[in-house]
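Peer 1: Sequence:
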Amino acid sequence: MTTGMIDVDDTALAFTDTGGPGTPVVYLNGQFATQGYWRRTIADLGPGYRHVTYDERGRGRKSRTSADYSFETVVNDIDAVLADRGIDRALLVGWSYGAYAAAYWASRNPKRTIGAVLVDGAMPYDWLDEVTEERIRTLFRRLRWISPVLRPFGLMPRLTPDQQADSNIELGRIGEEKTLGPVLDAITVPTRYVIASGASFGSQGDEQERIRANLDTVTTRNPNVKIHAKVPSNHGAILRKDHTTIAAAIREITTLDRD
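Residue numbers are given in the UniProt record's numbering: position 192 of the sequence shown equals residue 192, and the series is strictly consecutive.
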């Protein structure tokens, strides 16, 4: 196993690479989450795979801060990680925000992508409006009091409340039907969704379930994209409670690639 830092642009990303000859799996974190969230899925898959995890800019305990936290840098940083680790083709697994990054990268790089597993994210839906945007900004302003306490443990990013809000609002824009829909339609590699149930942090009412229901239009248009499973846990608990299902989706794509 190798750990270290990957230099990219004005920052550096903390990574872990188990190495070995197995299928390379690159894990993409939730918006402000860390690579440690994947430990259960990695344990389920075992040493037959090569597991690569890393913390995005300003996340975790070691990844350094940056002048640019845009979604485009998140997608481009995947290239930097693969180049540093000498990986030509990878299977991407992304949760929440990371699912969007996986979908965009897979759509742009079909020859370098074995497949993708999108965990309760990258679901096209027009949920962002002025009221929601203000709600997001208010939420992150309120969290500023607890952030300094949680940051030393890697539980909160080193982004300001405004930067966190901007990132979340940008996610709403790139996830709009007119923007994300064509990205998903263009995917030509096996892609599987594992979706949660119920609400997520910051959502209201049945908002999250309406977003998930919209996936039917995606899978109808593109036969490469399928829903592997809908699990009973919610958005925040899915990696902890349904890691075996996520691992099964990864194994399914690995088998398709070998066949």
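For the record, the hints were derived by calculation from the structure and aren't laboratory data.
Please read all numbers here as calculations on a predicted model, not as lab measurements.
A couple of the hints might just be wrong.
[To be verified] Cβ pair distances, simulated, as ranges:
1) G22 <-> P148: 20 to 28 Å
2) I169 <-> E209: 33 to 41 Å
3) P182 <-> E130: 23 to 31 Å
4) S197 <-> I169: 33 to 41 Å
5) S70 <-> E134: 36 to 44 Å
6) P223 <-> E177: 28 to 36 Å
7) E133 <-> T255: 37 to 45 Å
8) N214 <-> S70: 38 to 46 Å
9) R210 <-> E134: 15 to 23 Å
10) R142 <-> P47: 20 to 28 Å
11) R142 <-> T219: 33 to 41 Å
Virtual Cβ for every residue (Gly too), placed ideally from N, Cα, C.
Peer 1: Each hint needs a verdict: does it hold in this structure or not?
Peer 2: Hints and how they fare:
no., hint, result
1, G22 <-> P148: 20 to 28 Å, "40 Å, violated"
2, I169 <-> E209: 33 to 41 Å, "22 Å, violated"
3, P182 <-> E130: 23 to 31 Å, "25 Å, holds"
4, S197 <-> I169: 33 to 41 Å, "25 Å, violated"
5, S70 <-> E134: 36 to 44 Å, "21 Å, violated"
6, P223 <-> E177: 28 to 36 Å, "20 Å, violated"
7, E133 <-> T255: 37 to 45 Å, "43 Å, holds"
8, N214 <-> S70: 38 to 46 Å, "25 Å, violated"
9, R210 <-> E134: 15 to 23 Å, "21 Å, holds"
10, R142 <-> P47: 20 to 28 Å, "43 Å, violated"
11, R142 <-> T219: 33 to 41 Å, "37 Å, holds"
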